[in-house]
Amino acid sequence: MVGIVIVSHSEQIAEGIKTLAGQMAGANQKIIAAGGMTDGSIGTDAIRISEAVAAADSGDGVLVLVDLGSAIISTETAFELIEPEVAARVVIADAPIVEGAISAAVQASIGATLAEVKAAAEMAKAMQKL
Amino acid sequence: MSKTLFGMIQALQETISSQEAFLTELDGAIGDADHGINMNRGFEAVITKFTEEDTDIGASLKKLGMTLLSTVGGASGPLYGTAFMRAGAEAQGKETLTLEEAEVMLAAAIKGIQDRGKAVKGEKTMLDAMMPAQDALKQAVAEGLSVVEGLEKACAAANEGIEFTKTIRATKGRASYLGDRSIGHQDPGATSFTLMLETATKYLKA
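Chains as they are written, first to last, in the UniProt record's numbering: chain G, 1 to 130; chain L, 1 to 206.
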């Protein structure tokens, strides 16, 4: 099953999205929050993200949802810190973090491939709310 | 006084600490006013992880970079973190450096920052100080200058790079939202790099 990692500058945002997406996808879906810094301040931590990716991976790949700015740079740095074998099956979704995470988690929970999960997340970009 | 890697790292930490307000003020003009705060938080964490026992330059720069990754928070965390780690990878097992080795390390650091930030020269970033500094080091190596002489040339080039960042608009990072209003302000990242280079140079010269 494809794992999901949520990277936000805020620990609470990442945890909140994890809870929200987890409610839709069910308890078996791996969703790991990697928000904020270990001292509780706002920011992104490449080491925390690399640990989250390793924890989310069960061999079928990991999709990472990011908020903005340094979240992307830190995530790409994290890819350099993990095993190359795992890094080869981890991708960042070009998607809104909340809607993308929910779509991705639901897809992943029904056993979709990494490419399908990524596509589901990225479709959320075009989602009309009104 | 004998020069040690620990001594140099302490000197870097003191510089970042004493320049925290200045760096934050520069960032306040064109960014999100946290560069000094973030860098200071990073180096305060760094200093707790080193002792005089740390003499392997490669291993130490890797440790320094990893610490910045997890403590700085803003974009300068992964950028400087990657830079120090890539520089360290070129100095594994070394306890001293030639000017030529220092140039190779700076080149690797620049490459790391470019891999991360996808920036090129002239976008009002730290690269606008780093790349001229590397060119100066390369020339100093060709001229057969000493380590300190070469580093002094690099500092002069980096300072010219800072001046250059005042004349251009930002196209990367938060400052790019300001467009032409970023002109006239020097780049905080170029400034923090130059301050660190000057500190290392002064430490070796003293």
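Everything labelled a hint here was simulated from the structure, so no lab data went into it. A virtual CB, placed ideally from N, CA and C, is assigned to each residue, including glycine. One should not assume that every hint holds.
Said to hold, decoys possible - Think about it this way: if two alpha-carbon atoms lie no more than 35 Å apart in a straight line, the pair counts; the simulated DSBU-like pairs of lysine-lysine are:
no., chain 1, residue 1, chain 2, residue 2
1, G, Lys125, L, Lys121
2, L, Lys118, G, Lys129
3, G, Lys30, L, Lys63
4, G, Lys125, L, Lys111
5, G, Lys30, L, Lys62
6, L, Lys121, L, Lys166
Said to hold, decoys possible - Calculated from the model, a selection of chain G residues having no Cβ within reach of chain L, i.e. all distances over 12 Å:
no., residue
7, Ile13
8, Ala46
9, Ile47
10, Asp60
11, Glu76
12, Asp94
13, Val106
14, Ala115
15, Ala119
16, Glu122
17, Ala126
18, Gln128
19, Leu130
Results for each hint:
1. For the suggested pair Lys125 of chain G and Lys121 of chain L, the alpha carbons sit about 32 Å apart, so the restraint of at most 35 Å is met.
2. The straight-line distance between the Cα atoms of Lys118 of chain L and Lys129 of chain G is roughly 33 Å, inside the 35 Å bound, and the hint therefore holds.
3. At most 35 Å may separate the alpha-carbon atoms for a hinted pair to count; Lys30 of chain G and Lys63 of chain L meet this at roughly 30 Å.
4. Only pairs whose Cα atoms come within 35 Å are accepted, and Lys125 of chain G paired with Lys111 of chain L is accepted, the gap being roughly 32 Å.
5. A hinted pair counts as satisfied when its Cα atoms are at most 35 Å apart, and Lys30 of chain G with Lys62 of chain L qualifies at roughly 31 Å.
6. Distance restraint check for Lys121 of chain L and Lys166 of chain L: the Cα-Cα separation of roughly 14 Å lies within the 35 Å cut-off, and the hinted pair is therefore satisfied.
7. Annotated as non-interface, Ile13 of chain G keeps its C-beta farther than 12 Å from every C-beta of chain L; the closest such distance is 15 Å.
8. At the 12 Å boundary, the C-beta of Ala46 of chain G falls inside the reach of chain L, the nearest C-beta of that chain being 4 Å off.
9. The Cβ of Ile47 of chain G sits about 4 Å from the closest Cβ of chain L, inside the 12 Å cut-off, so the non-interface label is violated.
10. With a minimum CB-CB distance of about 27 Å to chain L, Asp60 of chain G clears the 12 Å threshold, and the non-interface call stands.
11. Against chain L, the non-interface label of Glu76 of chain G is violated: not every CB pair exceeds 12 Å, the least being about 6 Å.
12. At roughly 15 Å from the closest C-beta of chain L, the C-beta of Asp94 of chain G stays outside 12 Å, upholding its exclusion from the interface.
13. No beta-carbon of chain L comes within 12 Å of the beta-carbon of Val106 of chain G; the shortest separation is about 30 Å.
14. Chain L leaves Ala115 of chain G outside its interface by the beta-carbon criterion, the shortest separation being 24 Å against a cut-off of 12 Å.
15. Under the 12 Å C-beta cut-off, the non-interface status given to Ala119 of chain G relative to chain L holds; the minimum distance is some 24 Å.
16. No Cβ of chain L comes within 12 Å of the Cβ of Glu122 of chain G; the nearest lies about 20 Å off, and the non-interface call holds.
17. Interface exclusion of Ala126 of chain G from chain L stands, the closest Cβ pair being 25 Å apart, more than 12 Å.
18. Annotated as non-interface, Gln128 of chain G keeps its C-beta farther than 12 Å from every C-beta of chain L; the closest such distance is 27 Å.
19. Leu130 of chain G, annotated as away from the interface, keeps every beta carbon of chain L farther than 12 Å; the closest lies near 27 Å.
The structure shown violates the earlier hints numbered 8, 9 and 11.
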